[in-house]
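*Asks:* Could you slot chains S and B onto chain R? The hints should help.
Here is how the chains run, residue by residue.
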Amino acid sequence: MPVQVKINGIKMSAEPQETVLQVARRSGVHIPTLCHLESVESTGACRVCLVEMKLGGKTQLTTSCNAGVEDGMEIMTDTPEVQKHRAANLEMMLGRAPGSQKIRALAREYGVYESAYVPSEDPAIPGCILCELCVRVCEALGHSALAAVSRGGKKYIGTPHDKPSESCVGCGACAEKCPTRCIEMTDTKKTRTIWGQTFDFVSCETCGAPVMTVRQRTHAVETKELPEDYYTTCVACKQKNLAGRFARVGS
Amino acid sequence: MAAQPTIDTQRLDAVLGAFEPGDGSALIEALHDVQSEFKYLPEEALDRLADRLGVSKSRVYGVASFYEGFHLEPRGEHICTVCMGTACHVRGAPRLLEHLEREIGIASGQTSEDLTFTLEEVACVGACALGPLVIIDGKYHGNTTTSHLTKVVGKLKKD
Amino acid sequence: MARLQSTQQLRQLKERIVAEKPADRRAIAVCAGTGCKAFGSFELVEAFRAELEKQGLDKEVELRPTGCHGFCERGPLVLLFPEGRLYQRVKTDDVPEIVEKTIKGGEVIERLLYEEPGTGKKFEKEEDIPFYKHQHRLVLRSNGLINPSSIEDYIAIGGYEALGRAFEMGPDAVLGEVKGANLRGRGGGGFPAGTKWELCKKQPGDLKYIICNADEGDPGAFMDRSIVEGNPHAVIEGMVIGAFTMGAREGYVYIRQEYPLALERLNKALDEARQRGLLGEDILGSGFGFDIKVNRGGGAFVCGEESALIRSIEGRRGVPRRRPPYPAQKGLWGKPTNINNVETWATVPLIVAKGAKWFTGIGTEKSKGTKIFSLVGKVNNTGLVEIPMGMSLREIVYDIGGGIPGGKKFKAVQTGGPSGGCLPASKLDLSVDFDTLIAEGAMMGSGGMIVMDESTCMVDLAKYFVQFLRSESCGNCTSCRDGLDWMHSLLQQVCAGEGTMELLDQIEQIAETVRVSSLCALGSTAANPVLSTIKHFRDEYEAHVEQGRCPAKVCKSLITYTIDADKCTGCLVCAKRCPESTIEGEKKKPHRIIQDGCIKCGVCLDVCKFDAVHVE
Numbered sequence: 001m002p003v004q005v006k007i008n009g010i011k012m013s014a015e016p017q018e019t020v021l022q023v024a025r026r027s028g029v030h031i032p033t034l035c036h037l038e039s040v041e042s043t044g045a046c047r048v049c050l051v052e053m054k055l056g057g058k059t060q061l062t063t064s065c066n067a068g069v070e071d072g073m074e075i076m077t078d079t080p081e082v083q084k085h086r087a088a089n090l091e092m093m094l095g096r097a098p099g100s101q102k103i104r105a106l107a108r109e110y111g112v113y114e115s116a117y118v119p120s121e122d123p124a125i126p127g128c129i130l131c132e133l134c135v136r137v138c139e140a141l142g143h144s145a146l147a148a149v150s151r152g153g154k155k156y157i158g159t160p161h162d163k164p165s166e167s168c169v170g171c172g173a174c175a176e177k178c179p180t181r182c183i184e185m186t187d188t189k190k191t192r193t194i195w196g197q198t199f200d201f202v203s204c205e206t207c208g209a210p211v212m213t214v215r216q217r218t219h220a221v222e223t224k225e226l227p228e229d230y231y232t233t234c235v236a237c238k239q240k241n242l243a244g245r246f247a248r249v250g251s
Numbered sequence: 001m002a003a004q005p006t007i008d009t010q011r012l013d014a015v016l017g018a019f020e021p022g023d024g025s026a027l028i029e030a031l032h033d034v035q036s037e038f039k040y041l042p043e044e045a046l047d048r049l050a051d052r053l054g055v056s057k058s059r060v061y062g063v064a065s066f067y068e069g070f071h072l073e074p075r076g077e078h079i080c081t082v083c084m085g086t087a088c089h090v091r092g093a094p095r096l097l098e099h100l101e102r103e104i105g106i107a108s109g110q111t112s113e114d115l116t117f118t119l120e121e122v123a124c125v126g127a128c129a130l131g132p133l134v135i136i137d138g139k140y141h142g143n144t145t146t147s148h149l150t151k152v153v154g155k156l157k158k159d
Numbered sequence: 001m002a003r004l005q006s007t008q009q010l011r012q013l014k015e016r017i018v019a020e021k022p023a024d025r026r027a028i029a030v031c032a033g034t035g036c037k038a039f040g041s042f043e044l045v046e047a048f049r050a051e052l053e054k055q056g057l058d059k060e061v062e063l064r065p066t067g068c069h070g071f072c073e074r075g076p077l078v079l080l081f082p083e084g085r086l087y088q089r090v091k092t093d094d095v096p097e098i099v100e101k102t103i104k105g106g107e108v109i110e111r112l113l114y115e116e117p118g119t120g121k122k123f124e125k126e127e128d129i130p131f132y133k134h135q136h137r138l139v140l141r142s143n144g145l146i147n148p149s150s151i152e153d154y155i156a157i158g159g160y161e162a163l164g165r166a167f168e169m170g171p172d173a174v175l176g177e178v179k180g181a182n183l184r185g186r187g188g189g190g191f192p193a194g195t196k197w198e199l200c201k202k203q204p205g206d207l208k209y210i211i212c213n214a215d216e217g218d219p220g221a222f223m224d225r226s227i228v229e230g231n232p233h234a235v236i237e238g239m240v241i242g243a244f245t246m247g248a249r250e251g252y253v254y255i256r257q258e259y260p261l262a263l264e265r266l267n268k269a270l271d272e273a274r275q276r277g278l279l280g281e282d283i284l285g286s287g288f289g290f291d292i293k294v295n296r297g298g299g300a301f302v303c304g305e306e307s308a309l310i311r312s313i314e315g316r317r318g319v320p321r322r323r324p325p326y327p328a329q330k331g332l333w334g335k336p337t338n339i340n341n342v343e344t345w346a347t348v349p350l351i352v353a354k355g356a357k358w359f360t361g362i363g364t365e366k367s368k369g370t371k372i373f374s375l376v377g378k379v380n381n382t383g384l385v386e387i388p389m390g391m392s393l394r395e396i397v398y399d400i401g402g403g404i405p406g407g408k409k410f411k412a413v414q415t416g417g418p419s420g421g422c423l424p425a426s427k428l429d430l431s432v433d434f435d436t437l438i439a440e441g442a443m444m445g446s447g448g449m450i451v452m453d454e455s456t457c458m459v460d461l462a463k464y465f466v467q468f469l470r471s472e473s474c475g476n477c478t479s480c481r482d483g484l485d486w487m488h489s490l491l492q493q494v495c496a497g498e499g500t501m502e503l504l505d506q507i508e509q510i511a512e513t514v515r516v517s518s519l520c521a522l523g524s525t526a527a528n529p530v531l532s533t534i535k536h537f538r539d540e541y542e543a544h545v546e547q548g549r550c551p552a553k554v555c556k557s558l559i560t561y562t563i564d565a566d567k568c569t570g571c572l573v574c575a576k577r578c579p580e581s582t583i584e585g586e587k588k589k590p591h592r593i594i595q596d597g598c599i600k601c602g603v604c605l606d607v608c609k610f611d612a613v614h615v616e
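Protein chains in written order, with our numbering: chain R, 1 to 251; chain S, 1 to 159; chain B, 1 to 616.
Keep in mind that the hints were calculated from the coordinates and are not lab data. Since no wrong hints were added, every one of them can be taken at face value.
Selected chain B positions facing chain S (Cβ under 8 Å, derived; list incomplete):
id	residue
1	34
2	35
3	217
4	225
5	314
6	318
7	378
8	464
9	602
10	607
So, partial list: chain S residues that the calculated Cβ filter (under 8 Å) puts toward chain R:
id	residue
11	56
12	59
13	65
Ideal Cβ positions, reconstructed from N, Cα and C, are used throughout, including at glycine.
Bound-form chain R, shown alone (with noise of 0.2 Å):
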């Protein structure tokens, strides 16, 4: 059944299985986010999407990305009160990602142009927020190459005894979800360098360019079962033939 939630004093309707910040984000009203992806779990760590909620007569603040709604939630996105946390959480990001463009245009928007926090514990990874989103986006791929080690101040991203991981198939998620493109990655045409090892590359059979890892190929092939000789094109080369296919069929 269908619950009744209010978004800055606007009624609607919400399934309850819904979050908050998915009933938001679909009538319009903008929640900045950092380490949601609505592919994977939702673990609130960035707290940019804090809201103000009041229910059942208490108000609080909370992430809106792993709230799920509840019936008679009220919602404010942008109250003072938001604005001041979401910037002091901005802040901190900031002090440990000052390179990262998108943390900076953010914390912009809240007033934060430079952070006072330097964290104590040298980074393992320079510029990560340590939001795990490439933890759960490697994990939800079925590879579990990546965890978060250790934890508090001391927490990082890394492999298994922070060595090559034998489950890193290359595919590089990890690198281009993340928030802060703190994750190193250099491609050349033939190979791909991620977390301390070195991949090579299926060359597209009509291009030559990159299609993926010979590794990520592999495992795409065994755990889809898929042909053998699957993934030998690239998406552009792919998309040419079947182009070219449809206009041979419709003349």
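*Replies:* Quick look at chains S and B alone, frame taken from chain R:
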């Protein structure tokens, strides 16, 4: 980080054999058992444990490194644990820790290169009435002093 | 050990045990808790055993190693029955004399009696000693009476009778009693246990779990350890009653691995309970089945938080998740789960046996019953105390605790563990109950009560707690992980005398963000020690930042060690022991500390027998 010594796989098999294959929920209990066998969690043991319990190596590493009670490096023959609980803190535990750092010549959390000593802190062992408290090789030294610790450590050094 | 098939058989067993061991029988109870063990009580037990055998008294006099008696300061403790005589700081050398004079001759050995500091008054009986006299021991009472490794001892004092009663009452009536008693969780939050039970009981499905949180992570607290060590069956009985009420078939005890003795006794108790048919299938012939597994914690304070604890039992990193859904709705393995801590579970049998009305007769309007505290720090009588809710802090610190040692002045008492707050002398008359403490920015927590005197620096203490929480934070939320790290470095600046008044404002602002924008209770309460010390001890912060002075003489950057030339005898001990060799002087001439090289380790102060080393 020094290379880890090779481990006796028979002993490891005996420990792992007690757990159902694929039972990931037993992870923390299994880590405890492996650690009681080897005094720390050797890399090889962690990887084998992952295979036995059917969980990823990254999860095992993430879990083992999360909890304070697990040690990922070989430990010393003598283990000095300084209780840093509040009761011990207000009765001078930080000074005792610094004193031991000087006496043994290693920083807190470290093991001496010859694997003689490990010096570490514990959040609280719940023996607060005895504070400040230092546990050396399992023996509780309650209401202890820098002079007493010098004596105890000095004796261990000679042995 | 035969299985008990009915409550009738339980009663018969009790009668038999009591007949064999009448209450007026001679017994020597030696405290074998962790505290007394550290003072050598296990050796003491063996010495008594040997001596009794030698004297041919081993049949006549029962030797009983027990759990913690609470008065750890005076350990090892020996309690002699039937008189209830307490001998303190007993050594193995005293054993033959005790057996000869007191056991055989009925004579009191004066030197082993407790002597009140200050008055010099001696007390013969445990119950008369001020430390015990002002307590109200419900949960801890049995600790001195039973051998925790013997289920017979527990049954003899009425153990498992409440379970029998619960089976007769039925789940709804038991829930009614627990709700009626207004039993609030003893683990920290003070949430009504009955409400939690009801929510869990209401959930559909057969698969539910009961968890006992024995991961006592608060530094400075050992209530739960002492209960598990001293009376593990009370916890087991409470859990079986809870399981029966909520309809759970499996339970877990999540216990700290730093508590080896508690773990050993718990496992023994579980085995005995199984053998007696008090765990497993068809308990006491009721048709109800339930069993308990033990999970050792890995060492993480945050696992005291329900959702983190559940993740840990599932074999994962102890990272809390957002609630709701609450564990009662979606807990262990996604099934309805109820978590209470050790003390709460151990209180349950008392309520079921004696009724809600009896329980609500103790305590204040909103906080019922008793609460156990570990009274530690700068107080004369450190130990474990159980008091009725509503007693004042003053009564606890002075009447039970015997005040501050060494003629020093009381400064503050810290309650509620690392996330609690510090209360100054002006708050000493506060009533100790859940709501009063929270209103004052402190909290009951699980029951740590740390007393501080004038030699404790409140800024250093705040820094200590922040440091603790910083390393115990799971590291998920930016606000908690980085906020605490940031606060810690700012507090370091204050302790180094480098701060300004603006720094204090900045610390307070970060503290606020940590408090309101973190996911779990660790984060949302982490700022308490800082905020409460800034509130009540602002002058001390100001002394650090404005005058570069640490009034308690703790913060190293702000103190200097000097040698009083008048008092120094020139014995050279400090010079020899100084790790940096920065003390100069010749034999029989006053020494001097070269300030440049001094690392302020305090060794000279420790070793000087002439009180010649001063800290300014």
